[in-house]
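This is what each chain is made of:
Number of protein chains: 2
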Amino acid sequence: MTPLPIVRTVADLRAQVSAWKRAGLRVGLVPTMGALHAGHLSLVTLVKREHDKCVASLFVNPKQFAAHEDLDRYPRDEAGDAALLQSAGCDLLFAPTVDVMYPTGFATAVTVSGVSAPLEGEMRPHFFGGVATVVAKLLLQCLPDAAAFGEKDYQQLLVIRKMVADLDIPVEILAGETVREPDGLAMSSRNAYLTPAQRETAGLLNVIARDAIARIEAGGAISPALSEAKAALAAAGFSPIDYVALHDATTLAEIRTPTLQQAARLLVAAHLGGTRLIDNFAVRSV
Amino acid sequence: MTPLPIVRTVADLRAQVSAWKRAGLRVGLVPTMGALHAGHLSLVTLVKREHDKCVASLFVNPKQFAAHEDLDRYPRDEAGDAALLQSAGCDLLFAPTVDVMYPTGFATAVTVSGVSAPLEGEMRPHFFGGVATVVAKLLLQCLPDAAAFGEKDYQQLLVIRKMVADLDIPVEILAGETVREPDGLAMSSRNAYLTPAQRETAGLLNVIARDAIARIEAGGAISPALSEAKAALAAAGFSPIDYVALHDATTLAEIRTPTLQQAARLLVAAHLGGTRLIDNFAVRSV
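Those protein sequences? They're chains C and R, same order as listed.
With the numbering used here, letter number 256 in the first sequence gets 303, and the count goes up by one each step, no holes.
With the numbering used here, letter number 193 in the second sequence gets 240, and the count goes up by one each step, no holes.
Only chain C is shown next, with the shape it has when bound in the complex:
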């Protein structure tokens, strides 16, 4: 089997995508930062279900890391990632350098207000500006028919949907369900940072969150359910706990009613050792 073709310039990417489109083929894009796992590969499967060709991008975007974050130690293995993508049915890898994405003098930013403000927006103030800018670029470089993003980064998915709608970017946004380990831990490239003991504890995050959700879906009071989930995470060894919060599923406005009256999302961010884990879950209204 020939290896997955890799292009590194926008011109080469567009030449291949244009050729496919001229041939009447539908093209989907899966943007990634590499360090691929089954969650990413499920997005390739999702794209290939209704598209003839799948392009994946691999770019560790410096604009979405703050100075104190893990840009330098973020796991990188392009050859391994390319092999995984090919096994999942991907047809082309776009792996640009930082100079291709942000040449000297780069000066443009795309920002989304509202849905980007709470939660990750408070914890990582530069994050969504960096995400919106790089995703706008990737979509416009590739001009696919669709692009797929994981629900694991739920707020990011909403920010991207808003940006694409507001700027009239002619691309359909597909959402892939979070893929989980047998113990329910959401797959994440950052799970690789965990020691075996931390990895065992990490599996409790989704269990504790689901317990809170069960109580809320049964009509229980929201505020104590969230407080007790935080206490359970702390008792399990998570520290600090950035948030355990219940927000509207679409607007991401915080829910302030005593019990649940609308479609919601429970979102969690907590640290274990030096590793920050996030997860989120649909919550049905009573």
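Please note that a few of the clues may not be correct.
Since the list can't tell identical chains apart, any single copy or any two copies may satisfy a pair.
[As the list claims (entries may be wrong)] Each computed EDC-like pair below joins lysine to aspartate or glutamate, with the alpha-carbon atoms no more than 20 Å apart:
1. Lys110 - Asp215
2. Lys68 - Glu97
3. Lys68 - Asp192
4. Lys95 - Glu224
5. Lys199 - Glu301
6. Lys277 - Glu169
Hints listed in this document are in silico derivations from the structure and should not be mistaken for laboratory results.
A quick note: this is a predicted structure, and the numbers were derived from the prediction, not measured.
Fit chain R to the known structure of chain C by using the hints.
Below, chain R without anything else, positioned relative to chain C:
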């Protein structure tokens, strides 16, 4: 002759542009705020020189007016504008409402730093954010092969070029030379605000600017040439004078050498009665 076709939704715009593209035709866009004059029509001519079809847009963009500016009294005459566009060879008018461009909950902004900072960026802090956002939308709604902008708004032209390059918007940006009245006054929709006496004085702005340029191009000292141009504008009745400034032609960095050593642009903004006039001119290095 049938009147110029007008579309008001993005779907209708895309249907026509897609049909043209499928037929192998090249399409250019001329974004306008209406109140058209020969300057706008020259952009239609510029587009039609190398493109089969020309789309013009007419949208008075509220995001690029500050609260105290002239949004409400900005001249509007869609039927007259459509007739002028058709006479110049335009093939389609896209005239969306504010609700089409900025539906409730619109939350995305495109900003360009650097080239947008001085001059108009200092005088009208919201201006270029509003321009970059609406132009990104118009380009992505229409997806033309090229779009034309006038050099009359020189800094705006540079901001748009930077935004398009940085975000990889797949559209060629064309620049049209400023069209002038017989006395050299740059054509502008806002000239309609001038009384006959003010209109006569307005013709001095380009004369005073060209006099400063002649001295600078002859190797004269920059600073006194600009100061004397300001004094001449004030003596003619312009007040206040926002700037008479010499900047790098590409980066728009202010030029601080005693005499000119690089390709430059002289830019002027000055008020006459309640009307703000801007103009700019190429300046050759010695």
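Quick rundown of the hints versus the structure:
Taking CA atoms no more than 20 Å apart as the test, Lys110 paired with Asp215 passes between copies only; the shortest distance there is 17 Å, against 23 Å inside one copy. In this assembly of identical chains, the alpha carbons of Lys68 and Glu97 lie at most 20 Å apart only when taken from the same copy (15 Å versus 24 Å across copies). Both within a single protomer and between protomers do Lys68 and Asp192 lie at most 20 Å apart by alpha-carbon distance, with minima of 9 Å and 17 Å respectively. Within a single copy, Lys95 and Glu224 get their C-alpha atoms as close as 15 Å, which meets the 20 Å cut-off; across copies the closest is 48 Å, which misses it.
When the C-alpha separation of Lys199 and Glu301 is checked against a cutoff of 20 Å, the pair qualifies only within one copy, where the shortest distance is 19 Å, while the shortest distance between copies is 47 Å. Taking the shortest Cα distances, Lys277 and Glu169 sit within 20 Å of each other inside one copy (18 Å), while across copies they are farther apart (47 Å).
In terms of the numbered hints stated before, the structure departs from none.
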